[in-house]
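Asker: Residues per chain, in single letters:
2 protein chains.
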Amino acid sequence: MNSSPAQLLSAQNVNQLLDSVQAFLFDCDGVIWKGDKLIDGVPETLHTLRSKGKKLVFVTNNSTKSRSQYANKFLSLGISVTEDEIFSSSFAAAMYLQLINFPQHKKVYVIGEQGILEELQLAGFTALGGPEDGKKTAQLKSNCLFEHDKSVGAVVVGLDQYINYYKLQYGTLCIRENPGCLFIATNRDAVGHMTDLQEWPGAGCMVAAICGSTQKEPIVVGKPSNFLMEFLLKKFDISCSKMCMVGDRLDTDILFGQNAGCRTLLVLSGVTTESVLQDPSNKTQPEYYTSKVSDMLDLLRP
Amino acid sequence: MNSSPAQLLSAQNVNQLLDSVQAFLFDCDGVIWKGDKLIDGVPETLHTLRSKGKKLVFVTNNSTKSRSQYANKFLSLGISVTEDEIFSSSFAAAMYLQLINFPQHKKVYVIGEQGILEELQLAGFTALGGPEDGKKTAQLKSNCLFEHDKSVGAVVVGLDQYINYYKLQYGTLCIRENPGCLFIATNRDAVGHMTDLQEWPGAGCMVAAICGSTQKEPIVVGKPSNFLMEFLLKKFDISCSKMCMVGDRLDTDILFGQNAGCRTLLVLSGVTTESVLQDPSNKTQPEYYTSKVSDMLDLLRP
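Note that the protein sequences, when read in sequence, are chains A and B.
The numbering used here puts the last residue of the first sequence at 322; the count rises by one with no breaks.
The numbering used here puts the last residue of the second sequence at 322; the count rises by one with no breaks.
Accuracy of the hints is not assured; some may be wrong.
Copies of the same chain look alike in the list, so a pair counts if it fits in one copy or across any two.
Result set (EDC-like, lysine to aspartate or glutamate): computed pairs, CA atoms no more than 16 Å apart in a straight line [unchecked claim]:
#1 K155 <-> D318
#2 K161 <-> D216
#3 K161 <-> E237
#4 K161 <-> D56
#5 K93 <-> D56
#6 K170 <-> E197
#7 K254 <-> E138
#8 K303 <-> D271
#9 K262 <-> D39
#10 K93 <-> E105
Think of the hints as simulated: they come from the structure by calculation, not from any bench.
With the hints as constraints, model all of the structure from the sequences given.
Answerer: As structure tokens, then:
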């Protein structure tokens with residue numbers, strides 16, 4: 021962990037950062053957009069970085085969308101990004117199961133949204149639950165057994181705005197009763213900018229609920245876990261020291277970058293305020309910080 | 021904590037236990053009933069204990085009912101119990117707020133069921149949420165602010181089979197944004213026998229969800245916290261050493277009894293199996309254990 025205090029990004033240090041970095045890894049919520057609103061100056065900044073030959077990668081813990089859904093979201097906001105440049109925690113969950121050779125005859129129960137289901141299916145896995153269990157209700161009746169599929173070998177938990185008692189019981193039964201059933205969390209963000217105006221409970225809320233009922237801890241595949249970074253490194257032939265992680269969260273983005281030995285830039289356009297960054301109790305210091313990504317562009321101008 | 025191994029209740033030691041105890045504190049789920057089914061031999065056992073002059077108290081972490089609703093449940097199962105003999109975690113939450121002189125002009129937001137609302141209202145507090153928010157949905161839309169009542173000064177979280185994202189966001193906003201807002205958990209049981217045939221996620225699941233989104237820890241008023249015991253002691257003039265806590269859970273019932281210096285009896289008719297009790301990793305040993313409460317009666321017979 022970096023112990024020297026974060027430096028404010030300035031006209032003096034921005035050139036050094038840009039010259040020494042080959043790839044920028046961007047978080048999305050609070051960095052590129054807030055909810056469905058683009059943050060000022062993002063398209064121009066991404067365009068300038070691309071024109072300088074920088075590789076751009078978008079690394080998001082928000083599991084509600086698949087890579088293809090994210091590419092559409094970028095497009096709808098006027099930014100052209102390919103699926104190959106997107107690393108969502110929904111994709112990470114599917115890649116994790118692939119990496120461990122999760123048996124194809126086993127099923128995956130999902131507490132989460134469409135993005136996880138899509139990525140699991142693209143990777144060839146059979147997924148249950150997710151949105152279609154959002155309207156189911158649990159019947160607490162005598163002599164009435166809540167049945168679950170004994171062939172579920174993994175429960176993947178991510179952000180789920182349709183969380184209910186049915187899904188909590190289903191996931192809990194699989195983890196408690198199916199021998200060897202894995203408990204995988206896309207991420208553990210406490211809250212996130214699900215809308216532009218405010219924060220909402222994040223995947224950390226649903227993951228904690230399942231920790232509470234199963235008394236087990238999950239395998240985390242999104243930021244700040246190293247899994248996603250190892251996957252990125254295999255895909256791109258760039259050393260970590262030539263990557264810069266740009267994010268709005270200390271506990272996921274900045275920690276993720278630092279754990280891997282990347283350069284780090286905190287933007288204050290999301291959940292972290294300057295007072296949280298400067299608070300003596302905060303132990304995670306990014307290398308640089310600035311108010312928003314387009315500051316890079318503004319500081320470069322003569 | 022008691023470190024000597026639990027003794028099996030026997031014809032030899034049951035008389036000593038009964039002679040030295042003036043009050044029996046019974047857990048309900050897994051001890052008196054499972055879901056809506058009475059456990060064999062309970063009415064006869066309670067009747068015999070009463071006829072021997074023993075005081076009976078029913079101490080339940082299940083917050084879904086009020087004391088009056090519990091008295092009705094006992095009656096429907098053919099057992100006569102007065103409200104005065106019932107100590108539910110729903111009641112404990114209301115008593116806690118009364119004890120700390122929670123201001124009457126402040127409101128209480130409830131993630132939980134009818135029992136908590138009833139007890140809060142009986143104690144003179146204004147409660148929001150609970151069942152009526154079970155059908156509400158959160159709108160994740162641009163320019164749309166999720167409003168919460170700024171006069172909520174406490175969020176009480178218990179078991180809630182109608183848990184949803186609306187309630188999770190409401191409770192999270194109150195705790196994160198209303199200055200000084202308390203986070204009170206009725207209890208943290210991981211699972212419980214909501215039906216006779218199986219276990220379901222308990223209040224520990226909903227409480228953990230709010231811990232996950234707020235990154236705060238709650239004040240727990242149910243077992244194993246001392247709050248309920250202090251309240252019991254004020255009400256009944258019996259010393260702890262003359263009370264015996266009878267329960268099916270090591271982490272709530274037995275710990276609760278031991279924390280207060282009570283005698284303890286574990287019954288294996290609920291969540292704890294003999295192998296869990298005897299496992300070397302288990303650090304909580306009751307004084308006695310037996311398969312079900314009616315064993316007391318059977319062992320007494322010549």
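Asker: Does each hint hold? Answer for all of them.
Answerer: To see whether the hints hold, each was checked on the structure:
no. : hint          : result
1   : K155 <-> D318 : neither (48 Å within a copy, 48 Å between copies)
2   : K161 <-> D216 : between (42 Å within a copy, 8 Å between copies)
3   : K161 <-> E237 : neither (30 Å within a copy, 33 Å between copies)
4   : K161 <-> D56  : between (42 Å within a copy, 8 Å between copies)
5   : K93 <-> D56   : within (8 Å within a copy, 50 Å between copies)
6   : K170 <-> E197 : within (8 Å within a copy, 43 Å between copies)
7   : K254 <-> E138 : neither (23 Å within a copy, 58 Å between copies)
8   : K303 <-> D271 : within (10 Å within a copy, 34 Å between copies)
9   : K262 <-> D39  : within (10 Å within a copy, 77 Å between copies)
10  : K93 <-> E105  : within (13 Å within a copy, 59 Å between copies)
In the structure shown, a violation is registered for the earlier hints numbered 1, 3 and 7, in ascending order.
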